[in-house]
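Engineer: Use these hints to put chains B and C onto chain A, whose structure you have.
Residues per chain are reported as follows:
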Amino acid sequence: MLLTEIRIAGFGGQGVILAASVIGKAKSIFEGGFATMTQSFGPEARGGACSAQVILSDNPILYPYVTRPDVLITMSQEAFTRFSPELKPGGILIVEHDLVRITTLSGDVRVYSVPATRLAEELGRKMVLNIVMTGFFGAVTQLADEDSLRKAVADSVPAAFRELNRKAFDNGYKYGINLLERLADSPNGEADELISLLEV
Amino acid sequence: MQSDPRGVLTGTHFLDGDHACCEGALAAGARFASGYPITPSTEVVERFAARIPTVGGTFIQMEDELAASITLQGAVWGGAKAFTVTSGPGFSLMMEHVGYAVMTETPCVFVNVQRGGPSTGLPTLPAQADMMQARWGSHGDYQIIALCPKSPQECFDLTITAFNLAEQYRTPVFVMMDECVGHMTEKVIIPPAGQIEITPRRYTTAAPDQFQPYATGSDLVPDVPPIASGYSFHITGLTHDERGYPSMTPETQDHLVRRLQDKILNAVEKITLTEEENLNDAEVVVVSYGITSRVAQRAIDLARAKGIRAGKLRLITAWPFPDFKFRALASNGVRAFVVPELNLGQMAREVQRAAGGQSRVIPVTHAGGNVHQPEQILRAIEEALL
Amino acid sequence: MATTIDVPVPGNLVEPFLRSERIPHIWCPGCGIGTTVNCFARALLNTKKDLRKVAVVSGIGCTGRVAGYVKLDSFHTTHGRAIPFATGLKLSRPDIDVVVYSGDGDLFAIGGNHLIHAARRNINLKVICVNNLIYAMTGGQTGPATPEDAITATAPFGAYEPAFNMPQLVEAAGASYVARWTTYHVKQLERSMTEMLSHDGFSFIEVLSPCPTLYQRRNKMGDGLDAMKFYKEKSKVRHGAPTSEIGLTRDGEIVVGKFVDRQRPDYVELMRRQLREHLGERFINDGVPTCC
Numbered sequence: 000m001l002l003t004e005i006r007i008a009g010f011g012g013q014g015v016i017l018a019a020s021v022i023g024k025a026k027s028i029f030e031g032g033f034a035t036m037t038q039s040f041g042p043e044a045r046g047g048a049c050s051a052q053v054i055l056s057d058n059p060i061l062y063p064y065v066t067r068p069d070v071l072i073t074m075s076q077e078a079f080t081r082f083s084p085e086l087k088p089g090g091i092l093i094v095e096h097d098l099v100r101i102t103t104l105s106g107d108v109r110v111y112s113v114p115a116t117r118l119a120e121e122l123g124r125k126m127v128l129n130i131v132m133t134g135f136f137g138a139v140t141q142l143a144d145e146d147s148l149r150k151a152v153a154d155s156v157p158a159a160f161r162e163l164n165r166k167a168f169d170n171g172y173k174y175g176i177n178l179l180e181r182l183a184d185s186p187n188g189e190a191d192e193l194i195s196l197l198e199v
Numbered sequence: 000m001q002s003d004p005r006g007v008l009t010g011t012h013f014l015d016g017d018h019a020c021c022e023g024a025l026a027a028g029a030r031f032a033s034g035y036p037i038t039p040s041t042e043v044v045e046r047f048a049a050r051i052p053t054v055g056g057t058f059i060q061m062e063d064e065l066a067a068s069i070t071l072q073g074a075v076w077g078g079a080k081a082f083t084v085t086s087g088p089g090f091s092l093m094m095e096h097v098g099y100a101v102m103t104e105t106p107c108v109f110v111n112v113q114r115g116g117p118s119t120g121l122p123t124l125p126a127q128a129d130m131m132q133a134r135w136g137s138h139g140d141y142q143i144i145a146l147c148p149k150s151p152q153e154c155f156d157l158t159i160t161a162f163n164l165a166e167q168y169r170t171p172v173f174v175m176m177d178e179c180v181g182h183m184t185e186k187v188i189i190p191p192a193g194q195i196e197i198t199p200r201r202y203t204t205a206a207p208d209q210f211q212p213y214a215t216g217s218d219l220v221p222d223v224p225p226i227a228s229g230y231s232f233h234i235t236g237l238t239h240d241e242r243g244y245p246s247m248t249p250e251t252q253d254h255l256v257r258r259l260q261d262k263i264l265n266a267v268e269k270i271t272l273t274e275e276e277n278l279n280d281a282e283v284v285v286v287s288y289g290i291t292s293r294v295a296q297r298a299i300d301l302a303r304a305k306g307i308r309a310g311k312l313r314l315i316t317a318w319p320f321p322d323f324k325f326r327a328l329a330s331n332g333v334r335a336f337v338v339p340e341l342n343l344g345q346m347a348r349e350v351q352r353a354a355g356g357q358s359r360v361i362p363v364t365h366a367g368g369n370v371h372q373p374e375q376i377l378r379a380i381e382e383a384l385l
Numbered sequence: 000m001a002t003t004i005d006v007p008v009p010g011n012l013v014e015p016f017l018r019s020e021r022i023p024h025i026w027c028p029g030c031g032i033g034t035t036v037n038c039f040a041r042a043l044l045n046t047k048k049d050l051r052k053v054a055v056v057s058g059i060g061c062t063g064r065v066a067g068y069v070k071l072d073s074f075h076t077t078h079g080r081a082i083p084f085a086t087g088l089k090l091s092r093p094d095i096d097v098v099v100y101s102g103d104g105d106l107f108a109i110g111g112n113h114l115i116h117a118a119r120r121n122i123n124l125k126v127i128c129v130n131n132l133i134y135a136m137t138g139g140q141t142g143p144a145t146p147e148d149a150i151t152a153t154a155p156f157g158a159y160e161p162a163f164n165m166p167q168l169v170e171a172a173g174a175s176y177v178a179r180w181t182t183y184h185v186k187q188l189e190r191s192m193t194e195m196l197s198h199d200g201f202s203f204i205e206v207l208s209p210c211p212t213l214y215q216r217r218n219k220m221g222d223g224l225d226a227m228k229f230y231k232e233k234s235k236v237r238h239g240a241p242t243s244e245i246g247l248t249r250d251g252e253i254v255v256g257k258f259v260d261r262q263r264p265d266y267v268e269l270m271r272r273q274l275r276e277h278l279g280e281r282f283i284n285d286g287v288p289t290c291c
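Protein chains in written order, with numbering that gives the first Met the number 0: chain A, 0 to 199; chain B, 0 to 385; chain C, 0 to 291.
Bound conformation, chain A alone (with noise of 0.2 Å):
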């Protein structure tokens, strides 16, 4: 695996940090792999604005920074407007449904969307909705095992809320892998809600 620059930007208070933490864990601890994950530190990392970077790798990574992410994930407006320019040609972008509105894209992009806050209210806990992301995000990208993204989130979560993290994770997961599926058995490649979503 060559190496790839992640970033996950949101708003304080919705786990960014704990899902990029879950992925870096994922590559560097349970698969042997190389992980760095840097975050925005200051009065800017308090409350607002939210952003974590993660890079993963096979080999031991030199240059700590993210510069050009190759997926970024984006959970607010605030975070798709200033992101967004950044990510590389060719480049993933995952949204949180309901909180981004995709309003100017390059072409080569893939827009991957899933309401996680939702699928996160619907297990009662909206606090889950960066394990549902986590979740989509290691079924759409398949950058890391399930196997080893379920082992991180496990790990990263008290005892007490492991098996909530579980269900949240299963349905982002799942909800990617139906997503990828329509993706495929649509006849122009496109899946209803990705149309709908750049038709906004």
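Don't read these hints as lab results, they were simulated from the structure.
Cβ coordinates follow ideal geometry from the N, Cα and C atoms, glycine included.
Warning: the hint list may mix true and false statements.
[As the list claims (entries may be wrong)] With a straight-line cut-off of 20 Å between C-alpha atoms, the simulated EDC-like cross-links for lysine to aspartate or glutamate are:
#1 A/K125 to A/E180
#2 B/K269 to B/E196
#3 C/K70 to B/E241
#4 C/K233 to C/E147
#5 C/K52 to C/E194
#6 C/K70 to B/E196
#7 B/K305 to B/E268
#8 C/K70 to B/D240
#9 A/K173 to A/D146
#10 C/K219 to C/E147
#11 C/K52 to B/D208
#12 B/K262 to B/D240
[What the hints assert, rightly or not] Per label pair, the in silico range of CB-to-CB distance:
#13 C/P264 to B/S228: 48 to 56 Å
#14 C/L278 to B/D300: 25 to 33 Å
#15 C/L278 to A/D97: 37 to 45 Å
#16 B/G10 to C/R271: 23 to 31 Å
#17 B/E196 to A/R124: 43 to 51 Å
#18 B/S91 to C/R249: 20 to 28 Å
#19 A/R161 to B/R359: 55 to 63 Å
#20 C/E160 to A/P157: 31 to 39 Å
Structural biologist: Below, chains B and C without anything else, positioned relative to chain A:
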């Protein structure tokens, strides 16, 4: 001796450098920390405050860095292994007590997670601009030991090394991290306690009436008297004789200050830790330390791919400066040393001095706030051979 | 024919507490610091404490030199930082009595922040502040306790800054034992020191003490003996006096006595209580283990 398993979080973790540093301190046997909040280093003591009650020991948040930097020394004389952690302006405030630890030969560790300066500077962004302050920050003549980790794993490993060196040489030891390393999260492997070697305190075995607090053997390092054991010892920051008593003569001063210097300089080869690659055939050697060595590695790889005979000398020990390494390389025909660092050329000047004019020295400066682009360093490597 | 008679010299009661090999000390004739050390040694004797488990920590200045003369584990630290050093020592070895012995400039100016925070935390330290009203070691400059109108090296036309009222300040910050005496009151001072050594919590004694060389001379107040007469004449014992009423002036009344004696849980007790409540059996209450 081996580490006390109570403080060792054996396993594979995904930790940032600050947290890994705290785990290193716990594994090294640190059971006391005093601190004052400052970005980007506070996470070290936040973790210590959470961990220490179930390991056994004490954390106290002091009223300022002046206090934090000497409270830990009181704890050391009480028998604990102790440390403090700071950044930027806090490091400046601690300087007098670095000198006190040097003069009283108090074994302890100061962690500095470097950020941009001068003054308040860049609180949340990295720099390596305190390297000379670590060397010379307190008044007077002295030598110091400073280690520079490049990853969370090394924040763990080198914090243990720092505690061990502090005990071995009875000196304050700096762990010179930076914001990038401190806030970067990576895999950190913590071995079982039985595999972690710990240097015990050098307690005296002499009877109280035979004991001289500052008499030494050939390694010039005195033994420590245990507190509350009838030694009635006296510790002072004044120039003192072997009894530990103030003595205001030029002779005592000369004897003491030279010993404080020589106990470290005589051991420079033992203390020096480096990471070296392709030095045998190198025409140009990239000298780096801390976070910068990762970017430098990328530049070296790019240069070698272009057929340039570039070597790597990474200083894990920044102080005492390993002059002997540079003398050997310079007389071995190295044409140039390329020195990237997140400051305006602090260690490059040392390289220049140590190379004694035999090789060119090309600083690759950066005022901090980010790390170098590997291409910047590559350009300097290419320029070195013009 | 002359006869030589061996007159038995009575042993000096406090000699075992002193590093005799370091005598003569550096203090001037008429200085009061030695008197306070004498009282302190007697107080220690009174308590019958194991002297191996008593440590003295000093800052910098004339009083800062006390640590160098007492035959105890003793630490001469940096200017103003005796209290934070002592805090670390006490927290790592709660079983040891830690006495901070320093001067007015060291404790109240450069070290003032540490003093009030240690009182707030109620760290179990015994603080003896020898107040000679000026910076003596450096040549008699204005200090935080210099009374208004007093002449000093840096106030050649008389000081005009208001001075700290020490007992009031430390009481307000949380000290649980507060007293003031002068070096004229040796018996009372010894008793107060004895009492303080058995008191739990942050304890403070101010000892007004003459500096004949720099303060007395510049202010035409005579020598050490004159200072004793002055203290005798001006002092009034008022135990329990409200500390707000006992500020010192250059020539006014000197209220002495014990002003505060109260019980507050100390830092270690508060820490242990909190951690035990939240961590239960997981809390390891061994204090700070000594290394190796």
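Engineer: Could you check the structure against the hints above and give me the numbers of any it violates, in ascending order?
Structural biologist: 1, 6, 7, 13, 14, 18 and 20
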